[in-house]
Amino acid sequence: MSSFGRFARSSLSRPGRVATVAAVVVGILLPFWVGGYWLSTLVFVLIAALGALGLDVLTGRTGQISLGHAFFLMVGAYAGGYLGGNLHLSALLWIPAAGVVAGILGALTALTAMRLRGLYLGIVTLGLVFIGGQWLAPSWRTVSGGPGGRPLPVPGNGSFSFSNGLSIGSLSIDENGLYYYLAFILLGLGMIYVHNLGRSRIGRNMAAVRDRELAAAVLGVNVARTKTTAFIVSSIMAGLAGAMYGSFLGFVTPGEFDLLLSIQYVIMIVVGGLGSLWGPALGALFVVGLPAFLQNEAANLPFLEGGARTTGIPVADATYIVYGVLLVVLLLLEPRGLVGLAQRIGSLVRRRRAVPKELGVVTSLTQEG
Amino acid sequence: MKTFALLLFSGLALGAIYALIALGFTVVFRASRIINFAQGSLLALGALLVSALVSAHGLPFWLAFLIGAALTAAAGLAFQALVLRFAVGKPDFTVVMLTLGFAIVVGGALDAAFGAVPRSNGDPWGASIAHVAGLAVTWVEVWTIVSAVVLLVAFRFMNQHTKYGLAMRSAAADTEAAIAVGIPIRRVHGLAWVLAGLVACVAGVFLGGYPNSVSPSLSDVAFFAFPAIILGGIDSTTGAVIGGFIIGVVQQLTSGYQPQYAAFLGQDFYVAAPYIVMIILLLVRPYGLFGSRPAERL
Chain C
956 MSSFGRFARS SLSRPGRVAT VAAVVVGILL PFWVGGYWLS TLVFVLIAAL GALGLDVLTG
1016 RTGQISLGHA FFLMVGAYAG GYLGGNLHLS ALLWIPAAGV VAGILGALTA LTAMRLRGLY
1076 LGIVTLGLVF IGGQWLAPSW RTVSGGPGGR PLPVPGNGSF SFSNGLSIGS LSIDENGLYY
1136 YLAFILLGLG MIYVHNLGRS RIGRNMAAVR DRELAAAVLG VNVARTKTTA FIVSSIMAGL
1196 AGAMYGSFLG FVTPGEFDLL LSIQYVIMIV VGGLGSLWGP ALGALFVVGL PAFLQNEAAN
1256 LPFLEGGART TGIPVADATY IVYGVLLVVL LLLEPRGLVG LAQRIGSLVR RRRAVPKELG
1316 VVTSLTQEG
Chain B
47 MKTFALLLFS GLALGAIYAL IALGFTVVFR ASRIINFAQG SLLALGALLV SALVSAHGLP
107 FWLAFLIGAA LTAAAGLAFQ ALVLRFAVGK PDFTVVMLTL GFAIVVGGAL DAAFGAVPRS
167 NGDPWGASIA HVAGLAVTWV EVWTIVSAVV LLVAFRFMNQ HTKYGLAMRS AAADTEAAIA
227 VGIPIRRVHG LAWVLAGLVA CVAGVFLGGY PNSVSPSLSD VAFFAFPAII LGGIDSTTGA
287 VIGGFIIGVV QQLTSGYQPQ YAAFLGQDFY VAAPYIVMII LLLVRPYGLF GSRPAERL
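These protein sequence lines are chains C and B, in that order.
Taking my numbering, the leading residue of the first sequence gets 956, the next gets one more, and so forth.
Taking my numbering, the leading residue of the second sequence gets 47, the next gets one more, and so forth.
What the hints contain is simulated information worked out from the structure, not anything from laboratory work.
Possibly wrong hints are sitting among the right ones.
[Claimed, not checked] These stretches of chain B come out as covered by chain C in the derived footprint (C-beta under 8 Å, 3 or more residues):
no., region
1, 59-73
2, 121-133
3, 153-160
4, 172-180
5, 219-230
6, 272-281
[Stated by the list, open to error] Just the calculated beta-carbon pair ranges, DEER-fashion:
no., chain 1, residue 1, chain 2, residue 2, range
7, B, I175, C, G991, 19 to 27 Å
8, B, V134, C, L1174, 24 to 32 Å
9, B, A173, C, A1254, 43 to 51 Å
These figures come from a predicted structure and were not determined experimentally.
Ideal placement from N, C-alpha and C gives every residue a C-beta, glycine not left out.
So that you can see chain C by itself, here it is in the shape it has in the complex (with noise of 0.2 Å):
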């Protein structure tokens, strides 16, 4: 049996395994109902889905607190801007590559965090965005173009290029498609990996360092290597999805990868559930999705700016109200996050009065102290 197959029957409950390939169906026929403004913005939610899948391993399963995740987006984009770009590589090869390179600074960062816990490890990943982002970037005019930014080509090997489009048979699918399906390949993977790690040893030692760390240690687990390893895997998707939203957008400025963006991340993992296999995704949606929402329809909402009206609320300061208010009360009320909502309604659906079944909730992120 293929290891999909196995995936889906082994591990997931019966609505489980029904969400799952409903989501799947819908996510292959989407692009054919819905073009243009929805479908990119559908690519860019695919794309920040994959990146908050890495930053949840990070935080949500291993409970190491990051704001540094920009900084492994931006790596992962001018690592791909370079090496397609510059040096002309397929995107077989400069897609993954980026991986690899932001990767590779996630084990260094690795290195430093071993010594520092829970609110110093925040602050030095902090750091990491303003030495890069600020400093780095700016100064490394080779690689990022200065402040100025940078063009990031379009994926493609040989004579195909994703500006051309695919024919197959009568079914032709635009460029945006084209990114749409890879970015939506590259985030079923990673769920399934995801998935995979969490029921393995390795995922099981991340769930023992973020519940208590010091008993983890004592039973034998060992935490550096756990910790190591769920920096690298976090990197490694920040640096596929950075190279993914730069080559998208065309061209990034080192200023797009800010404490803004970091922070943008940890609020997808924590509004759509830390450590639960959808969290990221819907988190995702939600975080990239509302501002593309009220951006289209602010003519039609009150108090919003927009169409003929030019007082109001900016759109982009309504999102981030509403993200905070709905981080706060989320928080408060349903620390699950959305999934929490969704197993709430489903329950509710299915008129059980069933607890929902537990998704690796964070119990306790502490800091020791």
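Starting from the known structure of chain C, fit chain B onto it as the hints suggest.
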């Protein structure tokens, strides 16, 4: 030599602001063992309130300053009383994320209310020059240092010699034991947030003085104070103050000398310098210069 003295003086002025921000972080940390991500937003809130009170309502600067500081303290207290009190006993991560949520809401609201346009901080000094020991420095820098030192001394006095200070210190040392001997822990937490709001407003107003200006993006500066609290050790108020001054001086000296002597490092090196100092220090002393290593128990 004169350049050095000038850079040192402006470094001390910047350091005084970092010290105030760091004090705000440390006060909340000692009360509830969390890093308050909203400190920067409170800082921007205070500075914008004072600026608006002076420019729109024509209040005298000192009166606007008092009202602004009171309102900022009230905002901190309100967050503590309306949100954080429901999170008592939740994991630290949850509480930190709550402060992040508060920061995002305040940031968005300030942006919507005031826009990104830079404003005057409303102080009466502007760009006027003072002569201190033969050096031409701005009055803003002088008053920044004076106010920060007065506030820091006042805090130290309160912390060491009043019953509120004693309550705060005991809550910081052992929360459960403090509750057991009858310390009103909620009031102590509330007081911590009031103090955090007060110092945030003062730091914000002086930060917005010449040659800077006041805008919602002022909140980012709080993240430059992180190296200061880490350098000093996050649970030490003395350490936070010393760390603040060190980081301020390091940053100003770097921005003054590095383009001349180490141009290959690029022009934005001074932004990264405090963080590089911090990372090196953390590798040597993981709990900062004055921080205490917590005992670990299974």
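Right, here's what the structure says about each hint:
1. With 0 residues carrying a beta carbon less than 8 Å from a beta carbon of chain C, the region 59-73 of chain B misses the three-residue requirement, and the given coverage is violated.
2. For the region 121-133 of chain B, the assignment as covered by chain C holds, since 3 residues bring a beta-carbon within under 8 Å of that chain's beta-carbons and 3 suffice.
3. With 5 residues having a beta carbon nearer than 8 Å to a beta carbon of chain C, the region 153-160 of chain B meets the requirement of three or more and the stated coverage holds.
4. Restraint check on the region 172-180 of chain B versus chain C: 0 residues with Cβ-Cβ distances below 8 Å, three needed, restraint violated.
5. Counting residues of the region 219-230 of chain B whose CB lies closer than 8 Å to any CB of chain C gives 0, so the stated coverage by that chain is violated, three being the minimum.
6. For the region 272-281 of chain B, the proposed coverage by chain C is satisfied: 4 residues have a C-beta within less than 8 Å of a C-beta in that chain, meeting the threshold of three.
7. Distance hint check: the CB atoms of I175 of chain B and G991 of chain C are about 58 Å apart, inconsistent with the given range 19 to 27 Å.
8. As the Cβ distance of V134 of chain B to L1174 of chain C is approximately 30 Å, the hint placing it in 24 to 32 Å holds.
9. The hinted window of 43 to 51 Å between A173 of chain B and A1254 of chain C holds, with their beta carbons roughly 44 Å apart.
The structure fails to meet hints 1, 4, 5 and 7 from the earlier list, while all remaining hints are met.
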